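Chains A and B are the protein sequences, given in the same order. Each residue of the first sequence is one higher than the one before, counting from 3 in the numbering used here. Each residue of the second sequence is one higher than the one before, counting from 3 in the numbering used here.
These are calculated hints, taken from the structure and not from any lab test. Accuracy of the hints is not assured; some may be wrong.
Below 25 Å or equal to it, Euclidean Cα-Cα: the simulated SDA-like pairs (lysine to any residue) are [as the list claims (entries may be wrong)]:
#1 A:Lys198 with B:Pro518
#2 B:Lys481 with A:Phe302
#3 A:Lys198 with B:Gly640
#4 A:Lys162 with A:Lys92
#5 B:Lys276 with A:Lys140
#6 B:Lys228 with A:Cys208
#7 A:Lys162 with B:Gln364
#8 A:Lys198 with B:Tyr636
#9 A:Lys212 with B:Pro518
#10 A:Lys92 with A:Lys140
#11 A:Lys162 with B:Arg508
#12 A:Lys140 with B:Gly640
#13 A:Lys162 with B:Arg84
#14 A:Lys241 with B:Trp632
#15 B:Lys115 with A:Cys65
#16 A:Lys141 with B:Ala514
#17 A:Lys141 with B:His222
#18 A:Lys132 with B:Arg84
#19 A:Lys79 with B:His336
#20 B:Lys444 with A:Cys208
#21 B:Lys228 with A:Asp174
#22 A:Lys198 with B:Arg112
Note that the coordinates shown come from a computational prediction; the quantities given were computed from them, not determined experimentally.
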Amino acid sequence: MRLLRVFLFALVSSALAQAADYVGSEACKVCHTAVYNQFFRNPHYSRIAGGAETAENPGCESCHGPGKAHIEARGGKATIVAFSEIGPEKTLDACLRCHSQTLSRANIRRSVHTREDIVCTNCHSVHNSKSPRFLLVKKQTELCTSCHASVKMQFAMPFKHRVNEGVVECTDCHNPHGTFAPSWRMASRPRMVDQKEANEEPCLKCHADKRGPFVYEHASVRVDGCEICHMPHGSTNAKMLTRPAIFTLCLECHNGAGSFGRTASGVIHTPSTHNLADPRYQNCTTCHARIHGSNADPFFLR
Amino acid sequence: MKKFLLIPLAAACSFAQPVIAPTNEQTGNPRGDNTPEYNIIQSFELGYRFVSTGGDTGMYDSTVNYRNGIRLLASSLVVQSRDGQGRFFDHLLITTQGLGNDPYQSAVLRVEKNRLYRYGMIWRLTQYVDPALTVSYGEHAMNTTRTMQDHDFTLFPDRAFQLFLGYSRNLETGPALTTIQLFNEQGDEYPLFANVHRQVNEYRLGGELHVLGMRIHLMHGWENYKENSPQSLTAPSAGNNTTDLNTLTSFQSTQPIHGTSPYWRVGLFREGGKYWAVNGRFTYVAGKNAFSLDELAAGTAFRGGATQQIVTYGNADRPALTANLTVTLFPSDHIDLTNQTSFSNIRMIGNAYFTEFVSGFQASPVLPFQYLGIHTLSNSTDLLYHPSKWLSIHGGFEYSDRHIGSVQGQSNLGDPPPTQEAIEQTNQLKAGTLGFRLKPLKGFTISVDGEVGRENKPIYPISDGNYQAFRARVEYRTKLLRLDAYAKSDYNINSDALTSYASHARQYGADASWTPLSWFAIDASYAKLHLTTLGGINYFAKGKDVSGDSSYYISNIHSAVLGARFAIRKRVDLYMGYSHIQDVGDGRTTPYGAGLYTSSPAFQAVQSFPLRYLSPQFRLSIRINPKLRWNAGYQYYGYREQFSALQNYLANTGYSSLAFSF
Numbered sequence: 003m004r005l006l007r008v009f010l011f012a013l014v015s016s017a018l019a020q021a022a023d024y025v026g027s028e029a030c031k032v033c034h035t036a037v038y039n040q041f042f043r044n045p046h047y048s049r050i051a052g053g054a055e056t057a058e059n060p061g062c063e064s065c066h067g068p069g070k071a072h073i074e075a076r077g078g079k080a081t082i083v084a085f086s087e088i089g090p091e092k093t094l095d096a097c098l099r100c101h102s103q104t105l106s107r108a109n110i111r112r113s114v115h116t117r118e119d120i121v122c123t124n125c126h127s128v129h130n131s132k133s134p135r136f137l138l139v140k141k142q143t144e145l146c147t148s149c150h151a152s153v154k155m156q157f158a159m160p161f162k163h164r165v166n167e168g169v170v171e172c173t174d175c176h177n178p179h180g181t182f183a184p185s186w187r188m189a190s191r192p193r194m195v196d197q198k199e200a201n202e203e204p205c206l207k208c209h210a211d212k213r214g215p216f217v218y219e220h221a222s223v224r225v226d227g228c229e230i231c232h233m234p235h236g237s238t239n240a241k242m243l244t245r246p247a248i249f250t251l252c253l254e255c256h257n258g259a260g261s262f263g264r265t266a267s268g269v270i271h272t273p274s275t276h277n278l279a280d281p282r283y284q285n286c287t288t289c290h291a292r293i294h295g296s297n298a299d300p301f302f303l304r
Numbered sequence: 003m004k005k006f007l008l009i010p011l012a013a014a015c016s017f018a019q020p021v022i023a024p025t026n027e028q029t030g031n032p033r034g035d036n037t038p039e040y041n042i043i044q045s046f047e048l049g050y051r052f053v054s055t056g057g058d059t060g061m062y063d064s065t066v067n068y069r070n071g072i073r074l075l076a077s078s079l080v081v082q083s084r085d086g087q088g089r090f091f092d093h094l095l096i097t098t099q100g101l102g103n104d105p106y107q108s109a110v111l112r113v114e115k116n117r118l119y120r121y122g123m124i125w126r127l128t129q130y131v132d133p134a135l136t137v138s139y140g141e142h143a144m145n146t147t148r149t150m151q152d153h154d155f156t157l158f159p160d161r162a163f164q165l166f167l168g169y170s171r172n173l174e175t176g177p178a179l180t181t182i183q184l185f186n187e188q189g190d191e192y193p194l195f196a197n198v199h200r201q202v203n204e205y206r207l208g209g210e211l212h213v214l215g216m217r218i219h220l221m222h223g224w225e226n227y228k229e230n231s232p233q234s235l236t237a238p239s240a241g242n243n244t245t246d247l248n249t250l251t252s253f254q255s256t257q258p259i260h261g262t263s264p265y266w267r268v269g270l271f272r273e274g275g276k277y278w279a280v281n282g283r284f285t286y287v288a289g290k291n292a293f294s295l296d297e298l299a300a301g302t303a304f305r306g307g308a309t310q311q312i313v314t315y316g317n318a319d320r321p322a323l324t325a326n327l328t329v330t331l332f333p334s335d336h337i338d339l340t341n342q343t344s345f346s347n348i349r350m351i352g353n354a355y356f357t358e359f360v361s362g363f364q365a366s367p368v369l370p371f372q373y374l375g376i377h378t379l380s381n382s383t384d385l386l387y388h389p390s391k392w393l394s395i396h397g398g399f400e401y402s403d404r405h406i407g408s409v410q411g412q413s414n415l416g417d418p419p420p421t422q423e424a425i426e427q428t429n430q431l432k433a434g435t436l437g438f439r440l441k442p443l444k445g446f447t448i449s450v451d452g453e454v455g456r457e458n459k460p461i462y463p464i465s466d467g468n469y470q471a472f473r474a475r476v477e478y479r480t481k482l483l484r485l486d487a488y489a490k491s492d493y494n495i496n497s498d499a500l501t502s503y504a505s506h507a508r509q510y511g512a513d514a515s516w517t518p519l520s521w522f523a524i525d526a527s528y529a530k531l532h533l534t535t536l537g538g539i540n541y542f543a544k545g546k547d548v549s550g551d552s553s554y555y556i557s558n559i560h561s562a563v564l565g566a567r568f569a570i571r572k573r574v575d576l577y578m579g580y581s582h583i584q585d586v587g588d589g590r591t592t593p594y595g596a597g598l599y600t601s602s603p604a605f606q607a608v609q610s611f612p613l614r615y616l617s618p619q620f621r622l623s624i625r626i627n628p629k630l631r632w633n634a635g636y637q638y639y640g641y642r643e644q645f646s647a648l649q650n651y652l653a654n655t656g657y658s659s660l661a662f663s664f
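Next comes chain B alone, as it looks inside the complex (with noise of 0.2 Å):
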């Protein structure tokens, strides 16, 4: 009795700061209640949620979201035959989160008749509400709900033939904020009111065989995408820009845009027993869309009536191939050694008739078109050697080559597009690993791993260019007690002519759990998030070009989660945390700083975003019988910036709920 109470309180305890519910403690009998036919494990947790915010409600709508009401917190239903043969089916799976308004709900359905079908679905709903927030200087607002449905159904399931059916829907709407720049590029940006309905439904039919001692599997599958958010403005509006006398009076904008990616996979495997294993990948998926747009402006810019309006149609394409084999040898029984050879080759092509009247007056019609190509080859070797059951040792290489083929262009509708050849480039990666992992003693692990990269012409001057990167870690485990601590590093430098950019990632960090009494367990963490950036900019101020300031960004992340719980007379579990972020940036006590790299405040002002965002909790559940449990808890949020206080925010959540099996 004693170890069943110690493996629920060490697996509780090591969680990441978790929202308060619903309720981790479960009721009923663990095991079940048994039928001549099958056994049954449920429970529900329903409750009320409440909530009292204070300061900026919408950036708590954006972070947290959580709203008073009743909900199903939490279901589970297992029904598993006593004997594996069920009459309609062996094992059924239901459970639920956040059922009955939470912005966060889902479900999760399992049917099975061994070996006959087995059915999934998974269905979740997300809210998501962005109010504009400063830190983003923006002003494209949403408040959309993303409903999404998974479902798999397999024929004959760990047969040597198994068939697969599945549909997918993934729906948003709602509405949202956007913005739009008109009437040319000294215009200004006028806010737009945009319905956004996006609709993908994904078809797919395969079949797996077992042939040969080769699995060979198969699907095809459709995926159709629908968009239809049309754009109005709602008010004659004078633009961000109110020191000029642009305004727009009217505004509607409608995009259909239908697509469909129809795809084909094909998979081959083979386990070849002592001295090799091999499998292979084909997948194609030739992605199109179709689109419209038509857009009339109306409103007044220098200083005199203008209207606008935009008619764009045509299609874009991406048929995209990749083609995979790995070859695993094993030489030895303490040698893996995998080699992968990948392939993919994407090709971007689209071109849109594009006509524009201004005042009435036409514009000559034209065709843009572009072409971006990525044909990306590599090959990967690892190794792997397991020289002793304390000692593991790896390496790698990989080399990659990618060629990058651009066209832009347009030309008059009508007249033949122009011959133009694609600028061609090629970047190649080298990158080598080498690690070990040593268990000097039982549950003792200490991991090492480092890898360097070089790549010799990387697209961006952000992207890795000479990179390297370094793990370490250490971890002392046993059933009761997990000490953990780790350092990773990752850097990277690329430079050219003009800008030298460079970027270090730093992360210490220690976590501990422990449970070292039948009713108490402890779990801590602490990790030390540590970003620096540097790269060179080049902008326009005031009508000057400036050159020669930097980038610069600092991110000092402590952060620290902390959980304990008890369980009292093995009838009442009190459980208590505290998550407490704070990013001290460079330990600046202006938003300006020291102005290092740059005469710009703006540029100045978001070198760092110092701010503190914590999350105290405690839960009570109270065993009232073995089939029912009473719940109440509470969660604190506070939102702190330190240099403005406009999204500050604070938030007392909680809940009272029971939980019953019957």
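Same shape as in the complex, but just chain A (with noise of 0.2 Å):
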């Protein structure tokens, strides 16, 4: 019973020592006015105008940490949590505090963006947002491709997803927060790739018919997910194949060689009389035109 006494005590006083620190967000304002005066257009402003929170949530001291020590010491990085001083693990489990437990942020710790120390502050600015949205600290657009340079290039192929349009955004198909293990390719890769309900392909959020189930599915698309086929990004393929030529893409697998396919006895080989020399039969999906999926033939005729 002493112990659970002294116990508390500590646990008591350490609170109120603690909260004797906090100084209040009116005393920030003081030298940084500028930024004081622009806060109100913050999300992490609706925290203080609901009144609601304990002293050491709402406002600046939220993020920075206690003020009365940097108010005492006439300011200076040292003495308060400074984002530009105190690295990338401490901005992610000082942002994580709060904005943690939600689905889109629930594999943060094992993205590859913090795995490569691109944590929360890399991508927004809480004080500089240039977009009304998500306080990013550029356009969607303009900070994705600010590191991911190849990415860039890929968008400005011929045919292409509309991003450079606008009308696209590159978190329509990926979670820079990282994701859950998908369920295709193995569950392996890729890693930052969103994904639909049941771990699908983003894919799927747009082309719907894609989706089936269907009577006949074309298990590649299940099993290893679109890009065995596409390039997302950009190509120089009208459907965006991996390959200029349809044909030779449908034979890279269709060949009957070794185990392969679902069956694990070779994916099915083209039949006799599909002369490959004819350019009739170049075209495979001119007559197996339900690729993706048939409710009506196993050969996704119709």
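Two chains, two frames, some hints: make the complex.
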């Protein structure tokens, strides 16, 4: 019992001491006037306006920590939580104190961005955001391509999703905070591709007709995903295929070789009636028109 | 003021090659205008696009598709309560782009009353044109419009208890051309007209509860899919193969599909403070499609009249279950150890009553069925170690085990389906990652990553087999300068007795953004994207089995994007940009190259696809007064394939607009 009393006393003393270190946002205004005066635009301002939070939660000190020492030292980065100084892991911890518990950020600890020390403040700016949504440092497309330069080049291809045109955004398909293991491609890669329900490919959000279920599934779509045939960022093929002509793409799997395929006896070979020297038979999807899956024909003819 | 100017300049230039309009420069007071209760920032850009094209306009429509006409090129309205105590709302955001008839239009609405409600809406429209380009060797033209909208309403946002309501709609409509192959496997292919109509409606209802330090998320949704894209023959057709005598004189087909995918999603989150965090998620989707097909064709086949009617109906089910559990431990301030275990089980079961009437005689109706089951269990562990502020090291290991079960068959109608054991196969992946990130100087970063994976039974020859990926990047970044160089490689080898498949993808690039002067900024990027694939193929040509050939594809894409922006006397902004994409393939001067890996001219001709696609642009924006700008711009598109001029085009596009704020 005595031990419990000592513990409770220590806990309360610690809490009171910590609470006493918080000075409130009004005190910050004295020096950081410009930041304070614009803070009403910030989504975090709702915490101040609500007035229902504990001392350490609303306003400047919720992110920057208690300000008493900072004021007593008349400023300085050593006496406050300065995000330019604390390093990526501390930055992540500070933001996740409030922002961890949502589905979209459930995988942030294992995301490729976190692994690469790309944390919250690399993409978001609480005080100098250029985007009215999500406090982004820049417009989303500019922001992502400022690091992913090779992707920027893929979107300059003649056939691409309309990202530069502004109607598609990177986050339509990707979750920069990390994703759950996908249900395709051995649950391994790709790691930052967002998912539809049941961890399905995000392509199905828009291309709903490819989703099925179908009586006859083209197993490759389900097992290895859309990108086994398509290059979603951009391609020199009008259907954004990985090859300029479709028959080579099909034949690379449909050659009857080995123990590949859904029945482990080789992926079904083209029949002898298909004369691949004849341009008619080089247009596979002319006959196999329902190549993503069919309800009426096991060979995807209708 | 100097700083105020520099930051917009640097930001404006680090673009991917943008389309010329809407104008990037903003008008009005960036800090907005105040009313007693609200602060308002808004701008509108109204302009006229003009376009002239030459060459293959179908290709232009497919790749660019801008048209003449008046547009509300962009608009933005942000209303923000100044004290967070707005009467009906505290935050209102409306942005639009391309309204009026651009092929790519969008609108965003977000309105929020702090801690009471939040509503968000995104509306998008895309016009998709595919004029049956010969590059795809297709006859599948489309001119459809896709409209998507997402509505999400949250009651009591940022509180311990929240309610969610949501609705999404995705509608694709428009004319299309497609094909059908009739009357039997020796038959011909005939072009058809299709009236595409596909529609998805999704409804969501859920909530979140924060209790005992844990947040519990629950969502139930219903996704309904409807398609009815009837196909018909517009005129009697001799088919693609004009050397045979088969013809199609009439055809009509309807294939309505109604699907529903009710789903459940449960999430649990807990950040346990200093030492651990855990979250879990469970989803279940009961996907189901019901369909029928009624197809009636008449024509001539084998020098005689032929009619064929096919009737099929049935349903397909795809119940899918996933579960994820992630545990993160922080044994010290410098170490994060994360483990995720994932399980997914997807089963696809379908059966369809199928009957066929050929020239009036009914073939035996059958009941085809199939089953495809995929269940995957994976576990990954990632370690992130920060020994100091200038160094981090990470490593990880993943093990994944996938079982695929497959049944395909059919039975005569009325007979019990034959008992068939599912053919089972198992694939295991073991993959490891290792990398580091070094910051030896302020703003200077070196990062290196590698991954090696091994699968013991890939499902397809082109699937990941033995793969290795390597990434390296060097970046130097200050407020006014960013220099970045990177190299990436992805190699995959997947071999079997009759075929071997290898793909080598390499990317090298450099990227720079520099704002040397308060009135001048420049952005330049270069990348080389290299891809070589070689896979064994086996096919029939003129009745002979051809084996020993390989499908070889090589792509060497050089891409460069350059942009420069000048601000003249704080009144005039000038942007000049240039984008150049060139695939040189393997440098061949004829479509058939050196005849490597195959003796078939058809295969040689698709081993590479050299082309050039360039797009210079400039834009002038003049500030007439603080609330009004006049803008004008020009963008050229030039597309040229090396070995065929059929699809080449050029386009001159431009616009003139007024951007104003009031």
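25 Å Cα cutoff - pair Lys141 (chain A), His222 (chain B): violated (32 Å)
Please work out if Lys79 (chain A) and His336 (chain B) have their alpha carbons no farther apart than 25 Å. Measuring from Cα to Cα gives roughly 21 Å; hence the hint holds.
Given the hint that Lys198 (chain A) pairs with Tyr636 (chain B), does the C-alpha gap stay at or below 25 Å? Status violated; Cα separation ~39 Å.
Holds or violated: Lys198 (chain A) with Gly640 (chain B), Cα cutoff 25 Å? Violated - the C-alpha atoms of Gly640 (chain B) and Lys198 (chain A) are around 37 Å apart, more than 25 Å.
Run the distance test for Lys162 (chain A) versus Arg508 (chain B): straight-line Cα separation, threshold 25 Å. Holds. Lys162 (chain A) to Arg508 (chain B) sits at ~20 Å (cutoff 25 Å).
Are the Cα atoms of Lys481 (chain B) and Phe302 (chain A) separated by 25 Å or less? Distance ~55 Å between Lys481 (chain B) and Phe302 (chain A) Cα, so the pair is violated.
Need the status of pair Lys198 (chain A), Pro518 (chain B): alpha-carbon distance at most 25 Å? The hint is violated at about 44 Å.
Going straight from one Cα to the other, do Lys162 (chain A) and Arg84 (chain B) come out at no more than 25 Å? Given pair Lys162 (chain A), Arg84 (chain B) is violated - Cα atoms ~42 Å apart, limit 25 Å.
Need the status of pair Lys198 (chain A), Arg112 (chain B): alpha-carbon distance at most 25 Å? It holds: about 23 Å lies between the C-alpha atoms, which stays within 25 Å.
Please work out if Lys132 (chain A) and Arg84 (chain B) have their alpha carbons no farther apart than 25 Å. Holds, at about 19 Å.
Holds or violated: Lys92 (chain A) and Lys140 (chain A), Cα atoms, limit 25 Å. Holds, at about 23 Å.
Is the Cα-Cα distance between Lys140 (chain A) and Gly640 (chain B) 25 Å or less? The hint is violated at about 30 Å.
Consistency with the previously given hints fails for numbers 1, 2, 3, 4, 5, 7, 8, 9, 12, 13, 14, 17 and 20, ordered from lowest to highest.
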